[in-house]
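S.K.: Make the full structure from the sequences, and use the hints.
Heads up: the sequence shown begins at 1369 in our numbering, then just goes up one per residue.
Since no wrong hints were added, every one of them can be taken at face value.
As a list, the in silico EDC-like pairs of lysine to aspartate or glutamate whose alpha-carbon atoms are at most 20 Å apart:
#1 K1416 with D1448
#2 K1416 with E1389
#3 K1416 with E1390
Note that these hints are calculated values from the structure, not bench results.
Being a predicted model, the structure only gives us computed values, none of them experimental.
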Amino acid sequence: MVEGERAVEECERLARTAGPEELAGVLSDPGRPLWARELAAYRLGTAKDPRAFETLVLFLNHRDPQRCATAAQALAALGDPRTARAAAALATNELRVAYAGQAVRLLTTLRAPESVPALIATLERRLVRNDPYRNVALACVAGLGVLGDRRARRVLQAAEQHPGLGAAASAALARIPAPRNRRPAELRKKEAGTGG
1369 MVEGERAVEE
1379 CERLARTAGP
1389 EELAGVLSDP
1399 GRPLWARELA
1409 AYRLGTAKDP
1419 RAFETLVLFL
1429 NHRDPQRCAT
1439 AAQALAALGD
1449 PRTARAAAAL
1459 ATNELRVAYA
1469 GQAVRLLTTL
1479 RAPESVPALI
1489 ATLERRLVRN
1499 DPYRNVALAC
1509 VAGLGVLGDR
1519 RARRVLQAAE
1529 QHPGLGAAAS
1539 AALARIPAPR
1549 NRRPAELRKK
1559 EAGTGG
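M.R.: Pasting the structure below:
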(Lines of atoms letter the chains of each structure in order from A and count residues from 1; the text may use other names and numbers.)
(Lines give C-alpha, C1' and ligand atoms only; values in the text may rest on other atoms or scores of the structure.)
Protein backbone atom coordinates (compact mmCIF):
# COMPACT_ATOMS: atom_id res chain seq x y z
CA MET A 1 0.00 0.00 0.00
CA VAL A 2 2.80 2.39 0.91
CA GLU A 3 4.56 1.68 -2.37
CA GLY A 4 1.35 2.37 -4.29
CA GLU A 5 0.82 5.66 -2.48
CA ARG A 6 4.37 6.73 -3.29
CA ALA A 7 3.79 5.95 -6.96
CA VAL A 8 0.61 8.05 -6.97
CA GLU A 9 2.42 10.97 -5.30
CA GLU A 10 5.30 10.69 -7.77
CA CYS A 11 2.90 10.62 -10.69
CA GLU A 12 1.09 13.74 -9.48
CA ARG A 13 4.37 15.56 -8.91
CA LEU A 14 5.73 14.71 -12.36
CA ALA A 15 2.45 15.72 -13.93
CA ARG A 16 2.17 19.09 -12.19
CA THR A 17 5.26 20.50 -10.55
CA ALA A 18 8.42 18.85 -11.87
CA GLY A 19 10.58 21.22 -13.92
CA PRO A 20 12.12 20.50 -17.31
CA GLU A 21 15.53 19.51 -15.94
CA GLU A 22 14.05 16.96 -13.59
CA LEU A 23 11.81 15.63 -16.35
CA ALA A 24 14.79 15.26 -18.66
CA GLY A 25 16.60 13.39 -15.89
CA VAL A 26 13.72 10.93 -15.67
CA LEU A 27 14.14 10.12 -19.37
CA SER A 28 17.80 9.21 -18.91
CA ASP A 29 17.35 7.22 -15.68
CA PRO A 30 17.03 3.50 -16.51
CA GLY A 31 15.73 2.83 -13.01
CA ARG A 32 12.56 4.84 -13.55
CA PRO A 33 9.35 2.94 -14.38
CA LEU A 34 7.88 3.13 -17.86
CA TRP A 35 4.94 5.28 -16.81
CA ALA A 36 7.30 7.89 -15.35
CA ARG A 37 9.32 8.11 -18.57
CA GLU A 38 6.11 8.34 -20.57
CA LEU A 39 4.77 11.16 -18.43
CA ALA A 40 8.07 13.05 -18.49
CA ALA A 41 8.35 12.71 -22.26
CA TYR A 42 4.78 13.90 -22.74
CA ARG A 43 5.27 16.99 -20.60
CA LEU A 44 8.55 17.87 -22.29
CA GLY A 45 7.12 17.23 -25.75
CA THR A 46 4.08 19.41 -25.24
CA ALA A 47 6.44 22.09 -23.92
CA LYS A 48 8.41 21.83 -27.19
CA ASP A 49 11.55 20.54 -25.48
CA PRO A 50 13.56 18.53 -28.06
CA ARG A 51 15.01 16.28 -25.36
CA ALA A 52 11.74 14.36 -25.46
CA PHE A 53 12.06 13.38 -29.12
CA GLU A 54 13.81 10.00 -28.93
CA THR A 55 11.65 8.71 -26.07
CA LEU A 56 8.44 9.82 -27.77
CA VAL A 57 9.43 8.06 -30.99
CA LEU A 58 9.96 4.84 -29.04
CA PHE A 59 6.52 5.17 -27.47
CA LEU A 60 4.95 5.96 -30.87
CA ASN A 61 5.57 2.33 -31.86
CA HIS A 62 4.71 0.73 -28.51
CA ARG A 63 2.46 -2.31 -28.11
CA ASP A 64 0.10 -0.31 -25.89
CA PRO A 65 -2.25 1.72 -28.15
CA GLN A 66 -2.78 4.38 -25.48
CA ARG A 67 0.96 4.96 -25.17
CA CYS A 68 1.18 5.29 -28.96
CA ALA A 69 -1.64 7.84 -29.00
CA THR A 70 -0.11 9.88 -26.18
CA ALA A 71 3.26 9.93 -27.93
CA ALA A 72 1.67 10.99 -31.22
CA GLN A 73 -0.07 13.89 -29.50
CA ALA A 74 3.15 15.06 -27.86
CA LEU A 75 5.18 14.69 -31.07
CA ALA A 76 2.64 16.77 -32.97
CA ALA A 77 2.98 19.50 -30.34
CA LEU A 78 6.78 19.21 -30.20
CA GLY A 79 7.28 20.47 -33.75
CA ASP A 80 10.66 18.77 -34.19
CA PRO A 81 11.71 18.67 -37.88
CA ARG A 82 12.82 15.04 -37.43
CA THR A 83 9.34 13.86 -36.52
CA ALA A 84 7.93 13.28 -40.01
CA ARG A 85 10.93 11.23 -41.11
CA ALA A 86 10.73 9.09 -37.97
CA ALA A 87 6.98 8.59 -38.31
CA ALA A 88 7.37 7.62 -41.97
CA ALA A 89 10.02 5.06 -41.06
CA LEU A 90 7.75 3.53 -38.43
CA ALA A 91 4.69 3.53 -40.69
CA THR A 92 6.51 1.70 -43.48
CA ASN A 93 8.33 -0.83 -41.27
CA GLU A 94 6.67 -4.17 -42.05
CA LEU A 95 8.20 -5.75 -38.95
CA ARG A 96 6.22 -3.35 -36.74
CA VAL A 97 3.14 -2.78 -38.89
CA ALA A 98 0.79 -3.99 -36.16
CA TYR A 99 1.63 -0.82 -34.21
CA ALA A 100 1.78 1.61 -37.17
CA GLY A 101 -1.66 3.16 -36.85
CA GLN A 102 -0.64 6.13 -34.73
CA ALA A 103 2.39 6.83 -36.91
CA VAL A 104 0.03 6.98 -39.90
CA ARG A 105 -2.32 9.35 -38.08
CA LEU A 106 0.60 11.52 -36.99
CA LEU A 107 1.79 11.81 -40.59
CA THR A 108 -1.69 12.96 -41.53
CA THR A 109 -1.61 15.61 -38.82
CA LEU A 110 1.86 16.83 -39.79
CA ARG A 111 1.08 17.22 -43.54
CA ALA A 112 4.81 16.90 -44.18
CA PRO A 113 6.48 16.10 -47.53
CA GLU A 114 7.02 12.55 -46.23
CA SER A 115 3.35 12.03 -45.38
CA VAL A 116 1.72 11.11 -48.70
CA PRO A 117 4.50 8.81 -50.01
CA ALA A 118 4.62 6.94 -46.69
CA LEU A 119 0.85 6.49 -46.52
CA ILE A 120 0.70 5.31 -50.13
CA ALA A 121 3.51 2.79 -49.58
CA THR A 122 1.92 1.47 -46.40
CA LEU A 123 -1.54 1.15 -47.95
CA GLU A 124 -0.20 -0.64 -51.04
CA ARG A 125 1.22 -3.36 -48.80
CA ARG A 126 -2.10 -3.77 -47.00
CA LEU A 127 -4.03 -4.57 -50.18
CA VAL A 128 -2.92 -8.20 -50.30
CA ARG A 129 -5.48 -10.94 -49.68
CA ASN A 130 -6.27 -11.66 -46.01
CA ASP A 131 -4.01 -8.93 -44.67
CA PRO A 132 -4.58 -8.82 -40.89
CA TYR A 133 -3.88 -5.12 -40.43
CA ARG A 134 -7.14 -3.61 -41.65
CA ASN A 135 -6.99 -0.90 -38.98
CA VAL A 136 -3.70 0.36 -40.42
CA ALA A 137 -5.13 0.27 -43.95
CA LEU A 138 -8.17 2.28 -42.85
CA ALA A 139 -5.93 4.84 -41.15
CA CYS A 140 -3.99 5.21 -44.41
CA VAL A 141 -7.18 5.57 -46.45
CA ALA A 142 -8.58 8.20 -44.11
CA GLY A 143 -5.27 10.07 -44.00
CA LEU A 144 -4.91 10.18 -47.76
CA GLY A 145 -8.42 11.57 -48.02
CA VAL A 146 -7.59 14.31 -45.51
CA LEU A 147 -4.34 15.17 -47.30
CA GLY A 148 -6.16 15.37 -50.65
CA ASP A 149 -3.11 14.69 -52.82
CA ARG A 150 -3.75 13.52 -56.39
CA ARG A 151 -0.87 11.04 -56.12
CA ALA A 152 -3.10 8.92 -53.88
CA ARG A 153 -5.84 8.37 -56.46
CA ARG A 154 -4.41 5.16 -57.91
CA VAL A 155 -3.93 3.35 -54.61
CA LEU A 156 -7.31 4.52 -53.32
CA GLN A 157 -8.98 3.25 -56.49
CA ALA A 158 -7.35 -0.12 -55.83
CA ALA A 159 -8.54 0.02 -52.22
CA GLU A 160 -12.11 0.54 -53.44
CA GLN A 161 -12.04 -3.04 -54.73
CA HIS A 162 -10.71 -4.43 -51.45
CA PRO A 163 -13.12 -6.04 -48.96
CA GLY A 164 -13.59 -3.86 -45.92
CA LEU A 165 -11.99 -0.77 -47.45
CA GLY A 166 -14.32 0.08 -50.33
CA ALA A 167 -16.61 2.59 -48.63
CA ALA A 168 -13.77 4.37 -46.85
CA ALA A 169 -11.71 4.52 -50.06
CA SER A 170 -14.64 5.96 -52.02
CA ALA A 171 -15.12 8.63 -49.36
CA ALA A 172 -11.40 9.47 -49.46
CA LEU A 173 -11.41 9.70 -53.26
CA ALA A 174 -14.31 12.12 -53.10
CA ARG A 175 -12.08 14.51 -51.14
CA ILE A 176 -9.28 14.46 -53.71
CA PRO A 177 -9.46 16.90 -56.65
CA ALA A 178 -10.16 15.23 -59.98
CA PRO A 179 -7.29 15.15 -62.51
CA ARG A 180 -7.06 18.28 -64.59
CA ASN A 181 -8.75 17.91 -67.98
CA ARG A 182 -6.20 17.88 -70.75
CA ARG A 183 -7.28 18.74 -74.24
CA PRO A 184 -6.49 16.14 -76.90
CA ALA A 185 -3.29 16.70 -78.85
CA GLU A 186 -5.27 17.03 -82.08
CA LEU A 187 -7.33 19.89 -80.64
CA ARG A 188 -4.22 21.68 -79.39
CA LYS A 189 -2.64 21.42 -82.83
CA LYS A 190 -5.79 22.75 -84.48
CA GLU A 191 -5.96 25.69 -82.08
CA ALA A 192 -2.28 26.44 -82.68
CA GLY A 193 -2.84 26.41 -86.45
CA THR A 194 -5.73 28.88 -86.26
CA GLY A 195 -4.17 31.17 -83.72
CA GLY A 196 -3.07 34.71 -84.41
